[in-house]
Amino acid sequence: MKFLARLCSAVAAVAFIAAGAARAEIKLPHLLSDHAVLQRDAPIHIWGWADPGEAVTVHFHDQTRTATADDLGKWSLWLMPERPGGPYGLRATGSGGSAGVTLSDLLVGDVWLASGQSNMEMPLNGFPGSAVLKNGPEEIAHATLPTVRLLRLEHATSEFPLNDISATWTECNPQTAADFSAVAYFFGREINQKEKVPVGLIDTTWGGTPVESWISLMGISSDAGLMPLFRSRALFTQNLADDDAVRAKEKRERDAAEAAHQPLPQPHWHPDPRSWEPAALYNGMIAPETPYTIKGVIWYQGETNSDPERAPLYAKEFVTLIADWRRAWGEGDFPFLYVQISNFYSPNNEDWGRIRDAQRRTLAVVHTAMAVTLDVGTKDNVHPPDKQTVGARLALAARAMVYREGGGERGLEYSGPLFRETTVEGSSMRVWFDHAESGLTSDGAPMGFEIAGQDGNFVAATAKIDGLTVVVQAAGVAQPRFVRYGWASWTDANLFNKDKLPASTFTSQRLP
Numbered sequence: 002m003k004f005l006a007r008l009c010s011a012v013a014a015v016a017f018i019a020a021g022a023a024r025a026e027i028k029l030p031h032l033l034s035d036h037a038v039l040q041r042d043a044p045i046h047i048w049g050w051a052d053p054g055e056a057v058t059v060h061f062h063d064q065t066r067t068a069t070a071d072d073l074g075k076w077s078l079w080l081m082p083e084r085p086g087g088p089y090g091l092r093a094t095g096s097g098g099s100a101g102v103t104l105s106d107l108l109v110g111d112v113w114l115a116s117g118q119s120n121m122e123m124p125l126n127g128f129p130g131s132a133v134l135k136n137g138p139e140e141i142a143h144a145t146l147p148t149v150r151l152l153r154l155e156h157a158t159s160e161f162p163l164n165d166i167s168a169t170w171t172e173c174n175p176q177t178a179a180d181f182s183a184v185a186y187f188f189g190r191e192i193n194q195k196e197k198v199p200v201g202l203i204d205t206t207w208g209g210t211p212v213e214s215w216i217s218l219m220g221i222s223s224d225a226g227l228m229p230l231f232r233s234r235a236l237f238t239q240n241l242a243d244d245d246a247v248r249a250k251e252k253r254e255r256d257a258a259e260a261a262h263q264p265l266p267q268p269h270w271h272p273d274p275r276s277w278e279p280a281a282l283y284n285g286m287i288a289p290e291t292p293y294t295i296k297g298v299i300w301y302q303g304e305t306n307s308d309p310e311r312a313p314l315y316a317k318e319f320v321t322l323i324a325d326w327r328r329a330w331g332e333g334d335f336p337f338l339y340v341q342i343s344n345f346y347s348p349n350n351e352d353w354g355r356i357r358d359a360q361r362r363t364l365a366v367v368h369t370a371m372a373v374t375l376d377v378g379t380k381d382n383v384h385p386p387d388k389q390t391v392g393a394r395l396a397l398a399a400r401a402m403v404y405r406e407g408g409g410e411r412g413l414e415y416s417g418p419l420f421r422e423t424t425v426e427g428s429s430m431r432v433w434f435d436h437a438e439s440g441l442t443s444d445g446a447p448m449g450f451e452i453a454g455q456d457g458n459f460v461a462a463t464a465k466i467d468g469l470t471v472v473v474q475a476a477g478v479a480q481p482r483f484v485r486y487g488w489a490s491w492t493d494a495n496l497f498n499k500d501k502l503p504a505s506t507f508t509s510q511r512l513p
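Numbering (my numbering), first residue to last: 2 to 513.
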């Protein structure tokens, strides 16, 4: 594997040198295209390729900077921070007679990267035949937002980190928004309207993918507890060979049937095994963006990891992913806002609770926030139609934590009740919450609570709100030790704070 990686790097370098020798032009990455948004109030990174040794001068707004291309033709420079504004033009010219590059309609504002699996990927026009967005046609018709810009990446996997993508920025209008992440769109629309700032949204998503695909190999190697992922990565070589063999066999069968004028065999659906390979999506869909300055990340993923094999590792993986991306961007602890997976009936009943609780515990990582969505799920469809609420709750967290509305986190409530601690009172347990200062409420009696004794066998509990706490008990559990809430994949959990934000799944039991 190391030899293969070195060989790929060598081939790429030789190809790059050969391309540079015949380049005779200035080239910018696709991230730097017409209609782009550049991050405000931070140094602006501009980079690209030219002939080796060529001096490249960049003119933007009232700034001019020059850099020299290295032996591989790569050049890079930084512009001084800019205030929100635009539209502006950018021009890059070379000293050796290379053709220059001119960009137009650039804005300076906030750039948010949206990533995850299908619930983040689901566009405004839905998934035909399987998932429809609430009020989709009306939302699309009103999606003309001149100061919101969209960049949607194509699916891409790679054995090594890529340095460019094929997508370019577009203006936000009904045509471009229809195929864009609905959650990201509603988040960006809210930020654009509330903060009065241009917003750039990068949609880098792939449905049905596990978290480990989005972590770099360096990130995976940073935690010995994630070493099993390296073993699973080794299996993908055989998986890919098997998949290619099956596809080749099916093609031969179709060709033979067509030649014999017989009915063609029904095609089979094949999930792309490459999208499940550890680090494959990081390499293909995250690494190319890491030189681009961003404001923060919004993330919605976890359903694919909610099985008995993957769920126990999720807590480590998710924390690792956040640290890995922050290291790769080199911008410090940028905001990482994420969605807790929603309500849905799954045979892996216990594992959904475990994933949700792992997501709750990840709030211990600095500059993170979580949007709880237990109240907007659908029992028979893993893709709930209400993406408006999801985007709005992510935006609420950003408004409080990032934009400091109302004086900061304490001025604007952005989270539902979060488990703090519990005390045992005879045969009952009293549960205390953070983000409950406004009070607790439920539609009828609080539902979704379970308690267990020392044996860890949970049973349904009755619950009542008592001030800013909830008291739970269950017949047959005389000495309760643990309490949990909203643990089932499809749960009747109904606890909210009086800011109308739902409580998170939790367990007081420390899981291995």
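Don't take each hint at face value.
Computed cross-link-like contacts, SDA-like style, restricted to lysine to any residue with a CA-CA straight-line distance of at most 25 Å [unchecked claim]:
| no. | residue 1 | residue 2 |
| --- | --- | --- |
| 1 | K197 | P336 |
| 2 | K501 | S428 |
| 3 | K501 | G333 |
| 4 | K499 | M448 |
| 5 | K197 | H62 |
Okay, the calculated beta carbon distance ranges per label pair [claimed, not checked]:
| no. | residue 1 | residue 2 | range |
| --- | --- | --- | --- |
| 6 | K197 | V367 | 37 to 47 Å |
| 7 | K135 | D467 | 52 to 62 Å |
| 8 | L163 | W433 | 39 to 49 Å |
| 9 | P309 | G90 | 51 to 61 Å |
| 10 | L469 | V367 | 18 to 28 Å |
| 11 | Y89 | D467 | 24 to 34 Å |
| 12 | D381 | D72 | 20 to 30 Å |
| 13 | P88 | N350 | 43 to 53 Å |
| 14 | G331 | T442 | 16 to 26 Å |
| 15 | N174 | D381 | 16 to 26 Å |
| 16 | W433 | Y89 | 47 to 57 Å |
| 17 | G209 | T145 | 23 to 33 Å |
| 18 | V133 | V425 | 38 to 48 Å |
| 19 | E351 | N164 | 37 to 47 Å |
If you're looking for bench data, these hints aren't it; they were derived computationally from the structure.
Values in this document were obtained by computation on a predicted structure and should not be read as measured data.
Glycine is no exception: its CB is placed at the ideal position from the N, C-alpha and C atoms.
Hints versus structure:
1. K197 to P336: holds, 19 Å
2. K501 to S428: Violated: K501 and S428 sit about 30 Å apart, past 25 Å.
3. K501 to G333: violated, 33 Å
4. K499 to M448: holds, 17 Å
5. K197 to H62: holds, 21 Å
6. K197 to V367: 37 to 47 Å: violated, 27 Å
7. K135 to D467: 52 to 62 Å: Roughly 36 Å apart at Cβ, these two residues miss the hinted range, so it is violated.
8. L163 to W433: 39 to 49 Å: At 48 Å between Cβs, range holds.
9. P309 to G90: 51 to 61 Å: At 55 Å between Cβs, range holds.
10. L469 to V367: 18 to 28 Å: Holds, since L469 and V367 (Cβ atoms, about 26 Å apart) stay within the stated range.
11. Y89 to D467: 24 to 34 Å: violated, 58 Å
12. D381 to D72: 20 to 30 Å: Since the Cβ atoms of D381 and D72 sit about 58 Å apart, the hinted range of 20 to 30 Å is violated.
13. P88 to N350: 43 to 53 Å: holds, 52 Å
14. G331 to T442: 16 to 26 Å: violated, 44 Å
15. N174 to D381: 16 to 26 Å: violated, 33 Å
16. W433 to Y89: 47 to 57 Å: This hint holds: roughly 52 Å between Cβ atoms.
17. G209 to T145: 23 to 33 Å: holds, 32 Å
18. V133 to V425: 38 to 48 Å: For V133 and V425 the Cβ distance comes to about 47 Å; the hint holds.
19. E351 to N164: 37 to 47 Å: Roughly 42 Å apart at Cβ, these two residues keep to the hinted range, so it holds.
The structure fails to meet hints 2, 3, 6, 7, 11, 12, 14 and 15 from the earlier list, while all remaining hints are met.
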